[in-house]
Amino acid sequence: MKTVEYLASEELEGRLGGSEGYFKSAVFAANEFHKLGLKPYQEKSYFQKFNVEFNEILPPCSLNLIENEKIVKEYKLGNDYVFRGFTGSNDVTGEIVFAGYGISSEETGYDDYKEIDVTDKIVVLFKENPRWKIDDKNWSEGTPRPKSIVAANHGAKAILFVSFPNDQNPRKPIGSVLHGSGEQLTDFPQLHIDLHVADDLFKNSGYTLTELQRKIDEEKKPFSIELNSKVQIVVNAKYEKEKETVNIIGILPGSDEQLKNEYVILGAHLDHVGQQGKEIYFPGANDNASGSAAVLEIARAFAEQNVQTKRSIIFVLFSNEESGLEGAQFLADNLPVDKEKIAAMLNMDCVGHGDSIQLGNGKSVPNLWNLARELDKQNANLSVEATWAGGGADLTPFHNLGIPGLYFASRFSYTHLHSTTDKPETLNPVLFEEITKLAFRTLYEIANSNFEKEEIIN
1 MKTVEYLASE
11 ELEGRLGGSE
21 GYFKSAVFAA
31 NEFHKLGLKP
41 YQEKSYFQKF
51 NVEFNEILPP
61 CSLNLIENEK
71 IVKEYKLGND
81 YVFRGFTGSN
91 DVTGEIVFAG
101 YGISSEETGY
111 DDYKEIDVTD
121 KIVVLFKENP
131 RWKIDDKNWS
141 EGTPRPKSIV
151 AANHGAKAIL
161 FVSFPNDQNP
171 RKPIGSVLHG
181 SGEQLTDFPQ
191 LHIDLHVADD
201 LFKNSGYTLT
211 ELQRKIDEEK
221 KPFSIELNSK
231 VQIVVNAKYE
241 KEKETVNIIG
251 ILPGSDEQLK
261 NEYVILGAHL
271 DHVGQQGKEI
281 YFPGANDNAS
291 GSAAVLEIAR
301 AFAEQNVQTK
311 RSIIFVLFSN
321 EESGLEGAQF
331 LADNLPVDKE
341 KIAAMLNMDC
351 VGHGDSIQLG
361 NGKSVPNLWN
371 LARELDKQNA
381 NLSVEATWAG
391 GGADLTPFHN
401 LGIPGLYFAS
411 RFSYTHLHST
421 TDKPETLNPV
431 LFEEITKLAF
441 RTLYEIANSN
451 FEKEEIIN
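Sequential numbering of the sequence shown, starting at 1, is according to the UniProt record's numbering.
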């Protein structure tokens, strides 16, 4: 657990891909690979470099309720709201308008902005698109940047996202750097507010947010209104179109003269969602210091115990999973070996919290899934039958190349997802150890047996 504790420490500032904290964690991992005698990805470096969009949220940061031109309530960052990872930078004060789902679609004819003027206003929107459709037509992209662009094009100057109040367990505001397509709006603040903050904003509107969601969803028609409330938003964000980050890659050569030219990849993403101002950082102990620590521990077990394998093993820690699998995709697009020579890819993501082991992608690779399940049954017997197809997380780019793979995760693992409470003390050390052992055994079996690469079932 020491590795998890270090990776989740405040020193590493939430390991946002491309940040100073992330590079500290990358250097730590590369040094571990070096100590273990793993072969560098390149002649003298364990780093695979690439560029990503980068947005650093600096102080000051604030959200205040305004009445009679005075601040009447100061909301707390991390408890009452968070900024979206690609928020713009500004100091704005404005009247609040509720604009439903924030959709303006010619294709469907659905327009939340048609009957309301949001010019120079701050809009409150549902964070997601409707779960229903009009004439079976798909909605436009429902991620924060496209929704912000639509709002800005209608004259709005900031956006407050809110979760669905009518869900059984409405989502709390969480850190996220998944942004969606389009150009960055560098002066357009994006926040995710808690439902109790929304209650404050709606108190003079004549409606509750719950009533408005029910009305819109039942009638399948927009209903946008002014809320008769005002807030001030202050955020200082430093955006860079291209910022260097790295995957960390070490190779353990195989011992068989023929099979050493075949490879098994064991990977996990090292990045998380960073910090906001100086008030909060997101530790990311389960997501995914746990998976990264497991990869390092498995590499250590192979190297220090001098475990010989016929096939070679590629150990990799990815950057920028959180912004859309960018590190894994970059490696998949720039493999150091022929993809046909890769026997399998094993991915470890969120393996420290929960009550049992889930082996994802089993419906696409039943033989590989059965191999891991049987290894578990012979030992801890903690894995469950439930699985899925199509890859998942950082496995996906390799799955799309036709490389069979498994996604190791702990079940019911997302209690603290992207929150400030995702700390080492919330992990289940026994489960974490057993998942790590199962991944080791599965990796050993693939690397050291007459393993036959199977065709993926899509």
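Everything labelled a hint here was simulated from the structure, so no lab data went into it. Hints are not guaranteed to be accurate.
Pairwise CB distance ranges, derived in the manner of DEER restraints [what the hints assert, rightly or not]:
1. Ser449 - Asp187: 53 to 59 Å
2. Pro60 - Asp120: 27 to 33 Å
3. Lys363 - His34: 35 to 41 Å
4. Lys133 - Lys341: 41 to 47 Å
5. Asp187 - Leu335: 16 to 22 Å
6. Asn367 - His196: 46 to 52 Å
7. Lys238 - Asn169: 41 to 47 Å
8. Asn51 - Asn204: 14 to 20 Å
9. Asp117 - Lys215: 38 to 44 Å
10. Asn458 - Lys49: 31 to 37 Å
Glycine included, every Cβ here is placed at the ideal spot set by N, Cα and C.
Hints versus structure:
no.: 1; hint: Ser449 - Asp187: 53 to 59 Å; verdict: holds (58 Å)
no.: 2; hint: Pro60 - Asp120: 27 to 33 Å; verdict: violated (22 Å)
no.: 3; hint: Lys363 - His34: 35 to 41 Å; verdict: holds (39 Å)
no.: 4; hint: Lys133 - Lys341: 41 to 47 Å; verdict: holds (44 Å)
no.: 5; hint: Asp187 - Leu335: 16 to 22 Å; verdict: violated (40 Å)
no.: 6; hint: Asn367 - His196: 46 to 52 Å; verdict: holds (50 Å)
no.: 7; hint: Lys238 - Asn169: 41 to 47 Å; verdict: violated (35 Å)
no.: 8; hint: Asn51 - Asn204: 14 to 20 Å; verdict: violated (47 Å)
no.: 9; hint: Asp117 - Lys215: 38 to 44 Å; verdict: violated (21 Å)
no.: 10; hint: Asn458 - Lys49: 31 to 37 Å; verdict: holds (32 Å)
The structure is inconsistent with the numbered hints 2, 5, 7, 8, 9, although it conforms to all the rest.
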